[in-house]
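**Q** Position chains B, C and D relative to chain A; hints supplied.
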Amino acid sequence: MATSYLDKKFSLWDWLTTVDHKKIGTLYFFAGIFYFAVGGLEALLIRIQLMYPMNDFLDGETFNQVMTMHGTTMLFFAATPLLFAFMNWVVPLQIGARDVAFPFLNSLGFWMFFFGALLTNSSFFLGGAPQAGWTSYAPLALDYKGTDFFVLGLQISGAGTIMSAINFLTTIFTMRAPGMTLLRMPLFTWSTVVASALIMFAFTPLTGALFLLMFERMFDAKFFDVAAGGNVVLYEHIFWIFGHPEVYLLVLPAFGIISDVIAAISRKRLFGYHSMVFATVLIGFIGFMVWAHHMFAVGMGPTVNSVFGIATMLVGVPTGIKVFNWIFTMIGGKVQFNTAGLFAVSFIPSFVIGGITGVMLASSAADFQFHDTYFVIAHFHYVIVGGIVQAIFAGMFYWWPKIFGKMLNETLGKWMFWLFLIGFNLTFYIQHYLGLWGMPRRVFTYLPNQGWDTANFVSSVGAFFMTAAVILLVINVIVTFARGEKAVQDPWYGRTLEWSIPSPPPEYNFARTPIVRSNDPWWYEKMQGKKEMQYAEPLAEIHMPNPSIIPMIMAFGTFIAGYGFIYSSWFGVFLGFGITGVCMFIRSIKDDHGQHVHPEGLHVEKGVHHSA
Amino acid sequence: MSTLDFKANGLPAHPEKATQEGRAKLVGFWLYMSAEAVLFATFFGTFMTFRNSVNGGPTGAELFAIPMVFTATAILLVSSLTSVFAIMAMQRNLASKMRFWFAVTVLLGASFLGLEVYEFVEYVHEGHTFTSSPFGSSFYTLVGFHGAHVLFGVLWISTLLLRNINRPIDTYVAPKYYVASLYWHFVDLVWVFIFTIVYLFGMVG
Amino acid sequence: MAKKHGYKGHLIAFALSILLTVLAFIAVGLGTISKTFVIPFILIIGIAQAIFQAAYWMHLNQKGHDFPITFMLSGFFAAIIVVFACSSLVWW
Amino acid sequence: MVQNSMKNWKTIGRYIVLLALAALTLSGCAGQENLSAMIPKGEGAEQQYDLIKLTTYVMLFVTVIVIFLFIYALVKYRAKPGDNSIPKQVEGNAKLEFLWTAIPLVLIIIIAIPTVKSEFALADVPEDAMKIKVTANQFWWEFEYPEYGVITAQDMYMPVGEKVGLELKSKDVIHSFWVPALGGKMDTNPDNTNKMWLQAKETGVYQGKCTELCGAGHALMDFKVKVVTKEEFEAWIEKMKKPENPAPATAKAEEGQQLFQKSCMGCHATDGTQRSIGPNMKGFGDRSTVAGYLELNEENTMKWLKDPQKVKQQNKMPNPMQDLGLNEDQLSALTEYLLGLKLE
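Chains as they are written, first to last, in the numbering used here: chain A, 1 to 612; chain B, 1 to 205; chain C, 1 to 92; chain D, 1 to 344.
No lab work stands behind these hints, which were simulated from the structure alone. If a hint is listed, it holds; no wrong ones were tucked in.
Here are the simulated lysine-lysine pairs, DSBU-like style, with alpha carbons at most 35 angstroms apart:
{"#": "1", "chain 1": "D", "residue 1": "Lys80", "chain 2": "A", "residue 2": "Lys531"}
{"#": "2", "chain 1": "D", "residue 1": "Lys252", "chain 2": "D", "residue 2": "Lys310"}
{"#": "3", "chain 1": "A", "residue 1": "Lys145", "chain 2": "D", "residue 2": "Lys310"}
{"#": "4", "chain 1": "D", "residue 1": "Lys88", "chain 2": "A", "residue 2": "Lys334"}
{"#": "5", "chain 1": "D", "residue 1": "Lys80", "chain 2": "A", "residue 2": "Lys406"}
{"#": "6", "chain 1": "D", "residue 1": "Lys76", "chain 2": "A", "residue 2": "Lys406"}
{"#": "7", "chain 1": "B", "residue 1": "Lys176", "chain 2": "C", "residue 2": "Lys63"}
{"#": "8", "chain 1": "D", "residue 1": "Lys80", "chain 2": "A", "residue 2": "Lys526"}
{"#": "9", "chain 1": "C", "residue 1": "Lys8", "chain 2": "B", "residue 2": "Lys97"}
{"#": "10", "chain 1": "A", "residue 1": "Lys486", "chain 2": "D", "residue 2": "Lys88"}
{"#": "11", "chain 1": "A", "residue 1": "Lys406", "chain 2": "A", "residue 2": "Lys530"}
{"#": "12", "chain 1": "A", "residue 1": "Lys590", "chain 2": "B", "residue 2": "Lys17"}
{"#": "13", "chain 1": "B", "residue 1": "Lys97", "chain 2": "A", "residue 2": "Lys590"}
{"#": "14", "chain 1": "A", "residue 1": "Lys145", "chain 2": "D", "residue 2": "Lys133"}
For clarity, every value in this text was computed on a predicted model and none was experimentally measured.
Extracted from the complex, chain A is given alone in its bound form (with noise of 0.2 angstroms):
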């Protein structure tokens, strides 16, 4: 009997140290819920602020802040790395593999995003947070402390953004089990592939952007000094040629997500595979082209707005095919209705709003009344709370008996549904309409009588009931763990090959790697009579990698090191970037060749040379 990855004692050094892509990923949840619950308060104190006109609850500074950071941390420290805590989880296990690739640089990125996090955060104690909105246009950025904040702590972040990307990337690419070819790989981990695409090709501009207001704000630069030639659109570019794939590397694997659910829900296969493989894929490369959007009020001419708008209106209909898909997916099946597959259900239609008001948006003549305004938020917020957050949700339900061995409890999950549901559309609905009836975003208060006094109250209403919902999710979180239902291997009659394996599954995934012997394989094998996976091995000692602090010390270096920069201290830099060199050193000079272990799990030998 194998035992599971939880069965060794907690202690805070294994945390620290781990190397396993479960266990980082269960570390990218809590991280992730931790600045969920940041953002999501700091959405409360921008919705108090706005629930009155002439509201004196926070002044302009300060809500500009709040407004930066809910921005920020959303995007950057809550959607990503909760995005992440999922590819962790599920990658590798649905593809057969018993840990991703580059095992150390999994935990580096990890510790890089958190003391990123941590240090973009600890501007609110340091002077004030950033307070240009979370694009931090220059020249307006550059007047700010704040700033300094934004850039190294997206600069940090950003890094092990990248490094989590490739090693993805690389563990779909060379570690699937025999038979798992790419047209076999499971939505997720497609979605997976294109995302970590888009990270490594957008948020490598974002550095650079980030780089240009560094070099402005530290080493008097001129890129953006008008008066010397400089240039402020050029920012502008830069970020939204990182910032429009940004919000589809979120929202694909959160595509990726509903895709794996529905087709478990409706107990039936995904409908038009390889179309929505396609789209996948063609929403990636579209992403990329249709940057200028957000800019067509900045006076590019109407030629290159009608070609941005035409080829942003593209990306409506490989997003149309996944949404046919999913119903198609629906119609025919035998549809259950728990709470991963209410909020999975629910996606389809708050995202289908979303899109729509993006292809408005597209209409560049229009986008000029769009542009900017309340419009704008509720057109993204859609997609971001009714599509990301939603299918977070779902996968949460769905995914946490496997990695906790335990159910989330149904009826708070139930109620924790309805809630949100009810409590998202109330707080957006309302403000298409807000925008149209001339609200600008990022307002910190507006006058009485222009009509929006109703609609802003309206909509403050709703974020309580988001908030009681999130409330409610952490309960039953806290309850599961402290009473929760056993769960068992396959609680949903699942498709994928993380369900062939027991929940919690053991330390190394697979005691003997599967073959795939089509789509859905785990759904085949049982259609074919079989109570477990065909085997390509047989059992054998398994090659696991070796725990190391090194990650978390080196993060924290470049921890020092951003610290360095923001107090213009040469030595905080030297001393940062000392501890990450020594880190670099120690870890390129030691050879690191691995553990064995049995899969009984009874025997570990240490520092085993395993191969030539």
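**A** Okay, now just chains B, C and D, sitting in the frame of chain A:
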């Protein structure tokens, strides 16, 4: 298939790809390079935007001189060739030959850096500094960023050589050498674009 | 195939690299050729040299490099977009 | 799909009724006149509103199909309790998949053509149109009429029915100029001049907003567009051109004038033909607001003068009491003088 598909003293023909870890390392490194290419592109783009925004300072045509740029280019090209020789030696399990060629590569890299430092000092004297104009800022960002890559490559290969000075080539270290040489080629490749876009374009005006 | 990986092959590749470089430098150094011709000329030479080096020195011409090639091309595509955006759209 | 049960049709019927009700309620919610993009009062806004309506209808069509199928799937194919049978596994349907690739393409063409047409029409600023140079500052607006040599702030005057060409630029950070009821918005960048046109169909006072985050005062960076008849406009120009202002009516205002000349002149011109660092004060007494959003009266003017940072955080004006050393009585005199700065 190729003349190198033989086992040299028990080493596989492609020791860098003999293990799963080695293969993963190679794929991962290629991905890293493709991402890095986009980062360089950002700085190239920035430079292209500002290549004529000299803010009253010296222009590229006034600053750049063919002999210096050509020397730098030749050094990097030769160093790329020597690193190819090193990898060929590695694949034939000729450890000392490999070390020799890598050492030559490191020396060439270091002399390139020396030349670059000299060049920057010249420019600063002529009033072309990081803060003098958008042209200056973007020039030093791009070329300096490349220079930092060369420096990192020199340190990386040196560390590899020193760490494994007494160690025969095996499937554990082979991917490390191979990846380091790929990195070196990449740095050389970026330079091809730098001398074209920064220097030659700059001289044309 | 054999030739491509031998010392001789690499020397030829190197000679070609140097030749392309020298050509570009001469085109600029002469100073007599018009700007509209020189700029695309040296750009093409640069790209040719880059492809050449990637193929021979970085072994992209060998088998089993589908993923690297796919991603290098995607990266190149993204890079072109970034450069295009910065160098032309910015001043529109 | 064709064999819909009666029950499903009922559900869908109910949904359509609901939708109609929603549409009815919403048509009553078009927002406030002279501010809402849904009550267009200008040529540009009208074109844009037409586009908004067109895209909404097309998208509503898509939504209705999706929701129809969605509800059908939910109602018909929900698992009955205890039913553990395995449904038929379908791979896909090439025809259907082609259909929902092709139809959106057609819909996109339907939207794209008028979009491009309107896009070019909106960008086409006639050469001979009257020009207004709009300069955005943290957090106020300057309007210059180059043909007349007149400069004013916060209230933009323009004649009704005429196409007016705007040249937009910023002095500091990026702002965005937006008068929802008259036309779309356009950013004001520090490094290039953007062009757009406005053409009002009715006279009136329209609300303008800054729509690009520009600092803590961004929310309050409002302005007014006063659309008047051609005659009124020309009369206004004539008044603005007069170099002299009305003589102070009281001794207090007289004191205010002296204070103004001593402490404020460095930044604020009172001559409508001169540019100044801060807003031009010519005709201040006739404006609708102080600080761009507070109703113009003595109390609010005092409030501003006492602590500008409190009224509009991060604005660039020095504090008259702390930085310029004026006391409350002096501020009161200044207020009286400023409110007397009317056009005559």
